[in-house]
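Trainee: My request is simple: use the sequences and hints to build the entire structure.
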Amino acid sequence: MPAADGPQLVVIGCNHHHTPLAIREQIALSPEGVEALRKRLIEDGSFEESLILNTCNRVEVYAISQSPQAARHIYKHLSEVNQFPESSFREHAYEYFQEQAIEHLFQVAAGLNSQIVGETEILGQVKAAYAEAIDTESIGPLLHRVFQKAFQASKWVRTHTGIGVGQVSLGNVAVELATRIFGRLTVARTLVIGSGEVGRDVAKAFRSRGVACVSIASRTADRAEGLARAVDGLIIPFKNWKSHLPYVDICIFATSAPGAILNPEEMRAAMKQRPSRPVFLIDLAVPRDVEPTVNDLSSVFLYNYDDLAGIANENLRNRATEMANCKNALQSRSHHLWAQMAERYS
Amino acid sequence: MDRLWISISIVWYLGGVGLALIALLRRQPPPHSIIFGLLLVGFLAQSTGLYLRGMEVQSCPIGNPFEVLQFISWSVMLLFFLTGPMFRLSLFGAASANLAVCISLISLLFPQWDEGRRGYFGSNPWIETHAAIALFSYGVFGLLAAISVLYLLQNHGLRTKRFSSFLKFFPSLFATETVLHRLILIAFLTYSSAVLIGGYYYVNNPDAIQFGKLSFTIILWTGYFLLWFLNQASKLYAHRLAWTCIALFLFALLTLWPVEVNRDPKPQTLSSLHSEPGHTTSTIHASS
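In order, the protein sequence lines correspond to chains A and B. The working numbering applies: residue 1 is where the first sequence begins, and numbers increase by one. The working numbering applies: residue 347 is where the second sequence begins, and numbers increase by one.
Bear in mind the hints are in silico, worked out from the structure with no lab data behind them. Each hint can be trusted.
Computed cross-link-like contacts, DMTMM-like style, restricted to lysine to aspartate or glutamate with a CA-CA straight-line distance of at most 25 Å:
| hint | chain 1 | residue 1 | chain 2 | residue 2 |
| --- | --- | --- | --- | --- |
| 1 | B | Lys581 | A | Glu265 |
| 2 | B | Lys507 | A | Glu119 |
| 3 | B | Lys514 | A | Glu314 |
| 4 | B | Lys507 | A | Asp307 |
| 5 | B | Lys514 | A | Asp296 |
| 6 | B | Lys514 | A | Asp201 |
| 7 | A | Lys127 | A | Asp201 |
| 8 | A | Lys242 | A | Glu266 |
| 9 | A | Lys239 | A | Asp222 |
| 10 | B | Lys514 | A | Asp306 |
| 11 | B | Lys507 | A | Glu291 |
| 12 | A | Lys39 | A | Glu80 |
| 13 | B | Lys507 | A | Glu197 |
| 14 | B | Lys507 | A | Glu265 |
| 15 | A | Lys39 | A | Glu25 |
| 16 | B | Lys514 | A | Glu119 |
| 17 | B | Lys507 | A | Asp201 |
| 18 | B | Lys507 | A | Glu25 |
| 19 | B | Lys581 | A | Glu266 |
Here are some, though not all, of the chain B residues that point toward chain A, as calculated from beta-carbon distances under 7 Å:
| hint | residue |
| --- | --- |
| 20 | Leu504 |
| 21 | Leu519 |
| 22 | Phe520 |
| 23 | Ser580 |
Glycine included, each C-beta is placed from N, C-alpha and C at the ideal position.
Mentor: Structure follows, in structure tokens:
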């Protein structure tokens, strides 16, 4: 493939490195958005293979195309699906071709490109995106090979390097912050809104530290039940969660709502019933569930995903050498794969 | 000799504060037992110093600015030892000792503050009790301010989303506010007791009333009453409560100045007090 006139591997996307959260939440794709984009890419006719990776921190399209206009088409489709201006999208997006695209994917799958460096959840998300692409028959031999190699590279990194050592999870960071607010967590009551993966992990971290009571409110009943079982929590009807707000100390937001579900006025009303008792809001959703100005209220401490990830990465400097080693190893692997593919498909 | 014991106490207090600081800088939990021991030795040394001074003047040693500040510093530490094991607040001892050291050092920095008049309150037990309790309540005010500083540092760290491992050894906001809530009541009750005892004395000695001192006393008492009331009614809390505690303590310290200015500048000795049995004026301390 990789001859100048052959098929091109291209990746276009935006993530937390290049795009602030306020923009990222506008670009984030809903499940329906992913389907619409996939349909567009298939119907476009310019792409022989394509795969969409959509997580809370990144939207990426991997594609194989013979067309020199492939990148332009991807920008167009992403912007139209999101109803986000193409020029603004281009401002925040990145694009990689050929060998750099493979190297980028290897780093993504290995967690080197994640907001919390070395985290493992991303590998599951890449695998899920790959599985969806297989189900919808949108990928072919080239992307199959690239992604399989990415999974191998990720496994190699975790087995042979210390990138995961000393990693601080979001849950641990959140628990540490809660301890600085409340002291002993055994008296803190917790409410989980939504049942997203990250929210689930954080809720488990709180439960393991012995919070007094965990309540779960989710639109999806079966997921709520699963989380309730996992953390020994109580399920409350989603429509009633706001009435519980004055009685909880820690509130974890992890819904897939398209916009904010809690504004300063609602929070102020809740605080009136507990004026002198602080509340810790953890907003892990993208788009955010809580309006940022809620943090201006007295005794309200609002942390979003970026805040927690920034704290979790504070020890990153100590792992800089390890990261450099990982990147070198992945670069060498991607170069090797690229050389093999160039030979086979040119 | 008394000043020597007081200087020794500062060294021990500084040892405790220094140990806590080194542990924090190394991002390690402060060794609470060792710090407690150092502060206890310092407190015993300070108590010995004040006891020797008290024996010398045959009264509670609160007669000049040096003695007043020493008594406040000692009160801060006494209150720490009385309430510390109950409140179990991280860095409570270090914060108390820090405040005590600052006050002690200031008192030692100006030798003229300890010249001339010493031990003033031997003439009337009521006014002496009143002054001693008033100064003890200044110690409570000081402790409130010191804990408020801990609260504000933790609050600032959380607001600015800094995850300094330094701050993780600070007490939690909730625990700090709970201690503030209890100390405010102690401050209000002790100061009210001092005012009541002083009031009883002044009712019987209306000539002794000084307008400036009385005004400051009323203002300060009202300030702490409002602090207690508003906190009790959940109208004043969190960082505003902490700032108010600091502001009120600074105001309380400022009131010491006009009180000292209003004093009888003539140095007095025990013998002169004994020779003037009717002497009761110009001896009321602080803003009491």
